[in-house]
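There are 2 protein chains.
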Amino acid sequence: MRPVYVIGAGMTRFGRSEWPLVDLAAAASLAALHHADLGKIPVNAVVVANMGAGRINRQTAIASALVDRLSLWPAAAEAVENGPASGASAVKVGYQAIASGMADVVLVTGVEMMRAVDGLEATDFVASLSHPEAEYIYGVTLPSLAGLFARLFMERYGVERRHLALVAIKNHDNAMKNPYAHIHQPVTMEGILTSPEAVVNNPPVAEPLHMFDCCPVSDGAAALVLASQDIAAKLGAPRVLVAGIGQATDTHAVHERQDPTDLKAVRLASAAAFDRAGLKPSDIDVAELHDAFTILEIAESEAAGFFKVGQAHKAVERGETKLTGKLPINPSGGLKAKGHPVGATGVAQLVELAWQLRGEAGERQIAKAKTAYACNFGGFGNNVVATVLRKEER
Amino acid sequence: MRPVYVIGAGMTRFGRSEWPLVDLAAAASLAALHHADLGKIPVNAVVVANMGAGRINRQTAIASALVDRLSLWPAAAEAVENGPASGASAVKVGYQAIASGMADVVLVTGVEMMRAVDGLEATDFVASLSHPEAEYIYGVTLPSLAGLFARLFMERYGVERRHLALVAIKNHDNAMKNPYAHIHQPVTMEGILTSPEAVVNNPPVAEPLHMFDCCPVSDGAAALVLASQDIAAKLGAPRVLVAGIGQATDTHAVHERQDPTDLKAVRLASAAAFDRAGLKPSDIDVAELHDAFTILEIAESEAAGFFKVGQAHKAVERGETKLTGKLPINPSGGLKAKGHPVGATGVAQLVELAWQLRGEAGERQIAKAKTAYACNFGGFGNNVVATVLRKEER
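Here the protein sequences come in this chain order: A and B. If you're matching positions, the first sequence starts at 1 in the working numbering and goes up one per residue. If you're matching positions, the second sequence starts at 1 in the working numbering and goes up one per residue.
Isolated chain A, as found in the complex (with noise of 0.2 Å):
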């Protein structure tokens, strides 16, 4: 298996986008392509993640519409998805195709437009995603999924709001130093939760879980470029490789799982990751979470193998996973605050891991990191892609 490097990152701001689609995923490819500066080098393959152009958007093909917008071709080109994780997926397929030696540069570039069509409920067009016949049909959504998976999460093991908030109170914080998050307001536990104000501000989604609990509906992009060794020694790059992907599925209707609070998916991915890499998870400096709800930043990082189970929140108490604590977690605001454009999250996690290994975080820089680690969570935990950065010295 021929080794893979990150050469190139770069994304829009998350947020609310009045640009077409095309011209979204055009904006972070090109941020992306400039900061890989390749020169002549020719772009051999592209990838796009995404979930809901067809849909949403109305439109279809949108990987030959990137390479077209890029005058890319003759660029071999396709979208992928995967759910919430499409982003990683997207950056699998463009590993293995580095990897095999049917490409060497390849870019791989999240986007979604959550509110293009007038009266389209983001909501009910990601339960699109959960189980038809077991799930949908009965009103299940993606809130009431995390709140019922909350509420049991919380009684086995002592969670309480207060430790979601923490979680919130951090992300926010983090978003505030990240030019590109959607959320640029800090918020605080008297805000959210213990002043009298908490309960107009911060109102319940499915409870146990808040507004402050949720992540927003996001515009936005974010791409990648990847590179063989050869490439990324021609350019002298710093070194960021693609040192372990894992990815695991796990039954499709949540109530069907001998114990829902267990996310198995992000174990066996965590896990495959891991071991291709080469590290365990006390290796890792800094890692991105798919807190799309607070309780899940809490639930992946236990079951990803930073925390022993039941175990975590207790961790964010001590503030351990603020950019300063022993393992900074969402540096870049996560889902919570830099948002969640769906198809771009999992590329936009990467994006952040690549900078800040860098050392081009800015203000959220992590001091010296060398390994990173993402988890990119499709379905409700039933399709998930862990993958492992490290910064080789040269």
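Fair warning: there could be bad hints in the mix.
Pairs count within a copy or across copies, as identical chains cannot be separated in the list.
Stated by the list, open to error - As a list, the in silico SDA-like pairs of lysine to any residue whose alpha-carbon atoms are at most 20 Å apart:
hint : residue 1 : residue 2
1    : K264      : S71
2    : K264      : P42
3    : K234      : D37
4    : K264      : R69
No lab work stands behind these hints: they were computed from the structure.
With chain A's structure known, arrange chain B on it following the hints.
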């Protein structure tokens, strides 16, 4: 690059399906898995080819759903979309997974249910792949592009409507021998062109193309099981090698091409596939071409290198592309008569070719077929995947 083999192939009958999307995909997958006869060897990854489920069927993350329906957890899974070339793109993605060493066994399933949503016009849905600002808003559809293309191509090379009719007649004849074909209806030159009734039987769609120049709108699914050399050897299956895959993109808007009759992406993708396979067009024993419109079979057969430019219609007239001819084209009936469930088509082309190379094509078997070529044509020729298969003697 590790060699990759097709060890199983199966499909549903194309046509109209009353089954839910995922069940349709599962039926084709099970046929391919039974054909591969894996025993206890696990499927490591599932790639689903689909263009429209998010919009037409209101379902996303269908690769995860298929894994669940087949109980293949924790296999990796994602869907691939590349318009009408989604099928061959998905095969390429599966191929790269094995070639890179990330997987040993991959299930690739193409599926489309074109008629699931009342009131959604299939032609408008497919037109969502055209250029939104330069084509779609002006009312361009795929049949209209094909009509314009046909007019220019016919004028330039002396192709007449009877040549197009000969393609339709041949492909309908072949489909009569294919139990999986959507349309089992033999057609004659009198019936569709020369008799007075032909005006009624075969009305214009986009002049000079008439109804019998256009593929039907179909539901259906097709699946392949791909495997590494070790697994293929262990199973002792006939050795159908994926000898070479090539892909190329071209301008999105057709009118931006220097010569709109030159299918440049077919040329480039085919040349790359032949080059990787170490074969030339004259080595090929059987081909499946993307005859969404009859004119495309003629034009693609030239761009792929089987005939000189402007000569293919004469070869059709001489019967060279019939089952008994020098180079049988579309023994399955092609998109024209086998049907065109968009995401399934590129996979189904390779299902037919795998059967042909294994000697399992029944009444339409090409004697001693050892090499095969498929052209899966995305957009209106702006993203093409060419695949060469070769049977290895054991």
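Evaluated hints:
With identical chains, the CA atoms of K264 and S71 are at most 20 Å apart between copies only, with a shortest distance of 15 Å across copies and 42 Å within one. For the homomeric pair K264 and P42, the shortest alpha-carbon distance between copies (18 Å) is at most 20 Å, but the shortest distance inside one copy (40 Å) is not. Taking CA atoms no more than 20 Å apart as the test, K234 paired with D37 passes inside one copy only; the shortest distance there is 11 Å, against 46 Å between copies. Taking the closest pair of Cα atoms, K264 and R69 come within 20 Å of each other only across two copies (18 Å); inside a single copy the shortest separation is 40 Å, beyond that limit.
Hint compliance for this structure: every hint is met.
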